[in-house]
Amino acid sequence: MSPVVPTFRKCLAWGVDFLANPRNSFKMAVLLLLWEWVLCGLIIRFIKYTEVDWSTYMIQVRQILDGERRYDRIQGPTGPIVYPAGHVYLFSALYHLTDGGRILQGQMFFAGLYVVSLAVVMALYIQCKLPPYSLLLLCVSKRIHSVFLLRMHNDTVAMLGVYVMAWCLTKQRWTAAVVWFSLALSVKMSVLLFAPGLAFLLVAALGWMPALRLGLLTSVIQVALGLPFLLSYPYEYITMAFDFSRRFFFDISYNWQFMGYDTFFSPTFIRGLLVAHVSVLLAFATYRWTR
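Numbering-wise (my numbering), the sequence shown opens with residue 1 and increments by one.
There could be a bad hint or two in this list.
[As the list claims (entries may be wrong)] Within a straight-line C-alpha distance of at most 20 Å, the following computed EDC-like cross-link-like pairs (lysine to aspartate or glutamate) qualify:
| no. | residue 1 | residue 2 |
| --- | --- | --- |
| 1 | Lys-129 | Asp-17 |
| 2 | Lys-27 | Asp-17 |
| 3 | Lys-142 | Asp-155 |
| 4 | Lys-142 | Asp-53 |
| 5 | Lys-142 | Glu-36 |
| 6 | Lys-48 | Asp-66 |
| 7 | Lys-142 | Glu-51 |
The set of hints was computed from the structure by calculation and includes no laboratory data.
Work out the full structure, taking the sequences as your base and the hints as a guide.
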């Protein structure tokens, strides 16, 4: 037998073990994170930035930095501000860090944010003892790279808070998990979608009263962060930052454009989505979470 054949088999066995053995997941994560740093630099250098909300964020926080506190008067090219106070603080800091909203500096920040978010998600995968090849799947999404590096949406910051919350839950650090959830919620209201699962875990692990106290902590954090606006124009802040009746633009809906414009804005379709969402939550609570 040619000596090449055993060598090939050993290399193949090593490759399969490296990709499939959870003991190698940390090594795979390090390699992928290093590669992502390089890839982020290449994307920023060679792919054109797409303006969606960044300039609006910067214009809006500039008005707040100039002293405006009434939420319905804070406007930008894409409309009024519709995010809670955590968003304001974050992008006010970015306004200063990027010299008034320079795009390149902003992209560099979001590149770092992307790698940190990816590292936290990989830590969750490793915690669950998933095989190394599963980490590769985290790095192949064109859309995620685009949202972080070419559009700089605030969703990315909110979701980092959710990922850290999930990691805290795996370590049974309940208070820390609630704090991170509330901080994420202060950036974008859509984080409320994670509230039912979080509430169920808290009740199951701690009981009703401790879970209610942690729920109160969430509210206290929201009030504390929003205090500058709540003390000035509370109604405008609450109705703008936590507007449950707000409708979204069809042309920026990535998931439902196949339904068509008329269906997208149909009250029946909207109610149907809500009923479907609640039904799935109830099904999981009954047949999955309580197993």
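Tested hints:
no.	hint	verdict
1	Lys-129 / Asp-17	holds, 14 Å
2	Lys-27 / Asp-17	holds, 12 Å
3	Lys-142 / Asp-155	holds, 16 Å
4	Lys-142 / Asp-53	holds, 19 Å
5	Lys-142 / Glu-36	holds, 12 Å
6	Lys-48 / Asp-66	violated, 31 Å
7	Lys-142 / Glu-51	holds, 17 Å
Of the hints listed earlier, the one the structure fails to meet is number 6.
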